[in-house]
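Protein chains in written order, with my numbering: chain R, -5 to 317; chain A, 36 to 329.
Hints in this document: simulated from the structure, not taken from any laboratory. All C-beta atoms, glycine included, are put in the ideal place defined by N, C-alpha and C. Mixed in with the good hints, there may be bad ones.
In the DMTMM-like style, the derived pairs of lysine to aspartate or glutamate whose C-alpha atoms are separated by at most 20 Å in a straight line are [said to hold, decoys possible]:
| no. | chain 1 | residue 1 | chain 2 | residue 2 |
| --- | --- | --- | --- | --- |
| 1 | A | Lys88 | R | Glu122 |
| 2 | R | Lys109 | A | Asp188 |
| 3 | A | Lys305 | R | Glu36 |
| 4 | R | Lys109 | A | Glu38 |
| 5 | R | Lys155 | R | Glu177 |
| 6 | R | Lys230 | R | Glu187 |
| 7 | R | Lys271 | R | Asp61 |
| 8 | A | Lys116 | A | Asp215 |
| 9 | R | Lys247 | R | Glu187 |
| 10 | R | Lys109 | R | Glu86 |
| 11 | R | Lys149 | R | Glu297 |
| 12 | R | Lys25 | R | Glu86 |
Label-pair restraints from in silico Cβ distances [unchecked claim]:
| no. | chain 1 | residue 1 | chain 2 | residue 2 | range |
| --- | --- | --- | --- | --- | --- |
| 13 | A | Ser167 | R | Asp275 | 23 to 31 Å |
| 14 | A | Tyr170 | R | Lys57 | 33 to 41 Å |
| 15 | R | Lys25 | A | Tyr190 | 37 to 45 Å |
| 16 | R | Glu180 | A | Leu316 | 58 to 66 Å |
| 17 | R | Ser288 | A | Ala156 | 35 to 43 Å |
| 18 | R | Asp202 | A | Leu186 | 48 to 56 Å |
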Amino acid sequence: MKKLNFKKLGCFALALSMGLSLSACTKAESKPYVIGISQYGEHASLDNCREGFLLGLEEAGLKEGEDFTVIYQNAAFDDNIAIQIGQSFSAENVDLMCAIATPSATACYAAAEDKDIPVIFTAITDPEAAHLDSGNVTGTSDKLPVEAQLDLIRKMQPEAKTIGIIYTTSEPNSVSAIAEYEEKAEAYGFTIETLGVSAQSEVTQAADTLISRGVDCLSNLTDNNVVGVLASILEKTGEAGIPVYGSEVEQVKIGCAAAAGIDYIKLGKQTGAMAAKVLKDEATCKEIPFETISEYGVYVNREACGTLGMEIPEDIAAVAIES
Amino acid sequence: MLEMVVSTLTQGLIYAFIAYGVYITYSILDFPDLTTDGSFPLGAAVTAVLLSKGCDPYLTLAAALLAGALAGFFTGFIHVKLHIRDLLAGIITMTALFSINLQIGGSNLIIPRTTDTIFSAAPTMAVFGGLSLLYRKLIVVCLLALIFKILLDLYFSTKSGLLLRAAGDNANLVTALAQDKGRVKILGLVISNSLIALAGAIVCHEQRSFSATMGTGQVVFGLASVIIGISLFRKLSFVRGTTAVIIGSILYKACISAALSLGLPANLLKLVTAVLFLLVLVFSGRRGEEIIRA
């Protein structure tokens, strides 16, 4: 009886492999590089990373369709699907994997181990802690410019004492950013009031709690759970009359007062340029250390500041990009 | 493309351990156990920490089994002794484990490529060193899944195993046999969750990483695999439950692989997966009837 099961399994495997190899034949003669992009989920910043990545390749002289083709997959924020995406790229023998966000990067890197396919990541805060700093892997870090943000808040609110931050305890990016905030806040005369949540449904409750503790403002990280319900946080802080500072331009567009943050399109471009070098055999991943974006942008939302009755200091207005 | 099939089979066989566990609680004990979403990452967390401390890779599997057993024991204990309802007991343990897992492994822990896993340690290499990593993973995982399947099948025919099956079908029978049905339930939960934690451990070896969010949705996965497997073979009584759920698990992963390789817009992935499940279930139901009629 066990034979029967294996037979069935064999038939199924055979059928699957025949079907798949048929689809593979049609593109066998094409020469362009195949790039597999594994994105953890759909999310404005992550989408910008991908867009920037493709722009970066284009700027390096590679044209989509002619010089490279893209297989784009997105794991819908599910770690297990990210694993299968990495393995499907490996099975397709892509020339390079581009992984956006940590879970996708670790999955791609694990899947690439066997064949040593180069992996280029982006939107990872701490590649060293993630052990993605050696081997056939490199990319860009989206480490937040924490000091610039503290400086911005100090200028916008000279009287402020406490900054409230909501973060997800299971997001590695947030955990490392919180540590940096706590370390550097004192120099700018702030105390940090943090509140960790484990799910998106707890975020608005956490905002209520922080507001009732009397924080002077909220500052956001690039925390997926928090950013996802930013609009409802802004509603609550608007009523309480305290500003929220974002961590990148998309958050300011939604209604944060200001932000010192990363431009993810730029970050993506930088990543794309690294990928182009690897594809053109100008350098291997091992020879390119991971990069942290050194420039950051200052963004302000004049309307949001106006509603809160906040004035934008001249030196900030001079450098800020309004949205 | 053979590789795609191999990696899908590997995934299916690894996650079959979750299916074994859910099969014991949901199908045999009739206990909807939500501990799964916590015990799966617990196994991975323990494994990741031990591996990064230089522990023997094979020993980590035993440690994960033990950790999972504790989690299952806790759910069983508060259900049986403190009379917490089954669903709630699982929810309490799962919630607690989320914090415990963070405490053990942090939000995310990665094992460097230089550290040996069960797929690259010397004993594995001595036997299967000639194979590429992809096939080595399949063979090792296949062996593990078969060993545990055989152990489970043997256990189900022992006295204790029969009592376990009776506890779900007819709890009064267990009492009539002068046995404590509470103890039987606890035992079932211990076995189930230790297997689920083992799945987490193997995923950690295979992926070289632990993340605190990796448990999300594993109950759903386990239930789907068990239901697909059982309904596919419900008319074929000679197919053992354990065999059925392995195939359920492989089919689930194959559905996702198929949905991925269809190349549809990424946001439709889950919808496509759902449609594929539905097709598998409808198709299997019809075919089952046909077999009976023929």
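Verification of the supplied hints:
About 18 Å separates the Cα atoms of Lys88 of chain A and Glu122 of chain R, which keeps this hinted pair within 20 Å; it holds. A distance of roughly 38 Å separates the Cα atoms of Lys109 of chain R and Asp188 of chain A; the hinted pair therefore is violated under the 20 Å criterion. Straight-line distance between C-alpha atoms of Lys305 of chain A and Glu36 of chain R comes to about 13 Å, which keeps the hinted pair within the 20 Å bound. Our distance criterion of 20 Å between C-alpha atoms is met by Lys109 of chain R and Glu38 of chain A, whose separation comes to about 12 Å.
Pair hint Lys155 of chain R plus Glu177 of chain R holds up; C-alpha atoms about 15 Å apart against a cutoff of 20 Å. Restraint check: the Cα-Cα separation between Lys230 of chain R and Glu187 of chain R comes to about 17 Å, which is no more than 20 Å; the hinted pair holds. For the hint pairing Lys271 of chain R with Asp61 of chain R, the CA-to-CA distance comes to about 13 Å; that is within 20 Å, so the pair holds. For the suggested pair Lys116 of chain A and Asp215 of chain A, the alpha carbons sit about 12 Å apart, so the restraint of at most 20 Å is met.
A distance of roughly 25 Å separates the Cα atoms of Lys247 of chain R and Glu187 of chain R; the hinted pair therefore is violated under the 20 Å criterion. Only pairs whose Cα atoms come within 20 Å are accepted, and Lys109 of chain R paired with Glu86 of chain R is accepted, the gap being roughly 11 Å. Of the pairs offered as hints, the one joining Lys149 of chain R and Glu297 of chain R holds, with about 18 Å between alpha carbons and a cut-off of 20 Å not exceeded. The suggested pairing of Lys25 of chain R with Glu86 of chain R holds, with an alpha-carbon distance near 14 Å, which does not exceed 20 Å.
Our hint of 23 to 31 Å for Ser167 of chain A and Asp275 of chain R holds, since their Cβ atoms are close to 24 Å apart. Taking 33 to 41 Å as the suggested C-beta distance range, the pair Tyr170 of chain A and Lys57 of chain R conforms, at roughly 37 Å. The hinted window of 37 to 45 Å between Lys25 of chain R and Tyr190 of chain A is violated, with their beta carbons roughly 56 Å apart. A hinted range of 58 to 66 Å for the beta carbons of Glu180 of chain R and Leu316 of chain A is consistent with their spacing of about 60 Å.
Roughly 42 Å separates the CB atoms of Ser288 of chain R and Ala156 of chain A, a value that falls within the hinted 35 to 43 Å. In this structure the hint that Asp202 of chain R and Leu186 of chain A lie 48 to 56 Å apart at CB holds, the actual value being about 51 Å.
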